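Student: Assemble the whole structure, with the sequences as input and the hints as a guide.
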Amino acid sequence: MPQNQELTPFLPVEQSTKKLLLLSGLFICCVMIANIVATKIVSFGFTSATVAILFYPFTYVIADTVSEVWGKKIAQRMIWTGLAANVVMVCLFTIAVKLPAASFYQGQDAFEGVLLGVPRIVLASLIAYSISQNLDIYMFLGLRRRTNGRHLWLRNNASAMVSQLIDTSIFSLIAFVGSVPTQEIWKIIGTEYVIKIAFCIVLTPLVYALVAWARNYPKEAFHHDHAA
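Residue numbers (the working numbering): 0 to 227.
Just to be clear, a hint being listed does not mean it is correct.
To be verified - Listed below are the simulated PhoX-like cross-link pairs for lysine-lysine, each with C-alpha atoms no more than 20 Å apart in a straight line:
hint: 1; residue 1: Lys186; residue 2: Lys39
hint: 2; residue 1: Lys17; residue 2: Lys72
hint: 3; residue 1: Lys71; residue 2: Lys17
Said to hold, decoys possible - Quick list of simulated restraints, FRET-style, between CB atoms:
hint: 4; residue 1: Leu115; residue 2: Ser47; range: 17 to 23 Å
hint: 5; residue 1: Phe103; residue 2: Ile130; range: 44 to 50 Å
hint: 6; residue 1: Arg149; residue 2: Leu53; range: 27 to 33 Å
hint: 7; residue 1: Ser178; residue 2: Arg145; range: 40 to 46 Å
hint: 8; residue 1: Phe110; residue 2: Phe43; range: 25 to 31 Å
hint: 9; residue 1: Leu53; residue 2: Val87; range: 21 to 27 Å
Quick caveat, the hints were computed from the structure, so don't treat them as lab data.
All values derive from a computational prediction rather than experimental measurement.
Here a beta-carbon is modelled for each residue, glycine too, at the ideal position from N, C-alpha and C.
Tutor: And the structure:
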């Protein structure tokens with residue numbers, strides 16, 4: 000593909016494919032783990048948030064890396080593959096819960112308590128994720144054209160700030176309305192958004208490192224871009 004050849008001119012096709020598969024696997028892994036652990040809400044003393052905030056920001060790092068190196072179509076395929084993997088996960092979890100437990104098994108209630116919460120979490124994630132991740136790619140690549148491929152730090156953080164707000168709001172409202180007090184939901188949205196944005200800023204060097212690794216460029220090639 001001409002676009003891929005332009006973005007990764009020094010990377011052999013086989014090596015490029017291996018790196019793309021690795022990043023895609025990590026992306027899907029982070030999305031699935033985030034959906035499972037999102038059933039737990041933790042307290043930070045004055046506010047609350049889901050455990051998913053520890054893992055989900057990495058999906059934006061990987062999505063922006065794939066968008067930067069392989070382009071829009073490949074990044075979107077990765078996103079839709081992640082959605083499909085989560086649908087399969089919910090189906091398999093449902094089967095696992097419905098299978099009759101052995102008479103001596105004492106963990107059925109806890110097992111159901113965790114896994115039966117996942118379908119609603121995943122439904123919320125599917126809607127929020129499909130909107131926010133595609134918005135992130137659209138904004139990231141739109142800014143890439145406007146900046147002539149420079150200022151990766153700006154594109155990464157600007158696209159994340161908008162898409163994370165959309166994602167966090169949609170996800171929290173769908174996942175927790177009716178089961179969590181409204182006041183707590185707004186606390187969750189505010190807390191998670193602030194933490195996710197902080198993660199995105201802190202993880203900016205990781206985006207540079209991953210893009211350098213994916214393109215097989217030395218990291219020094221991005222020093223001028225970061226400073227510009």
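Student: Does each hint fit the structure? Answer for all of them.
Tutor: Cross-check of the supplied hints:
1. Lys186 to Lys39: 15 Å, holds
2. Lys17 to Lys72: It holds: about 17 Å lies between the C-alpha atoms, which stays within 20 Å.
3. Lys71 to Lys17: Judged against 20 Å, a Cα distance of about 18 Å means the pair holds.
4. Leu115 to Ser47: 17 to 23 Å: With a Cβ separation near 21 Å, Leu115 and Ser47 satisfy 17 to 23 Å, so the hint holds.
5. Phe103 to Ile130: 44 to 50 Å: 46 Å, holds
6. Arg149 to Leu53: 27 to 33 Å: 31 Å, holds
7. Ser178 to Arg145: 40 to 46 Å: Holds - the Cβ-Cβ distance for Ser178 and Arg145, about 42 Å, lies within 40 to 46 Å.
8. Phe110 to Phe43: 25 to 31 Å: Given range 25 to 31 Å: holds, Cβ gap about 28 Å.
9. Leu53 to Val87: 21 to 27 Å: The hinted range 21 to 27 Å holds for Leu53 and Val87, with Cβ atoms some 23 Å apart.
Checked against the numbered hints given earlier, the structure satisfies every one of them.
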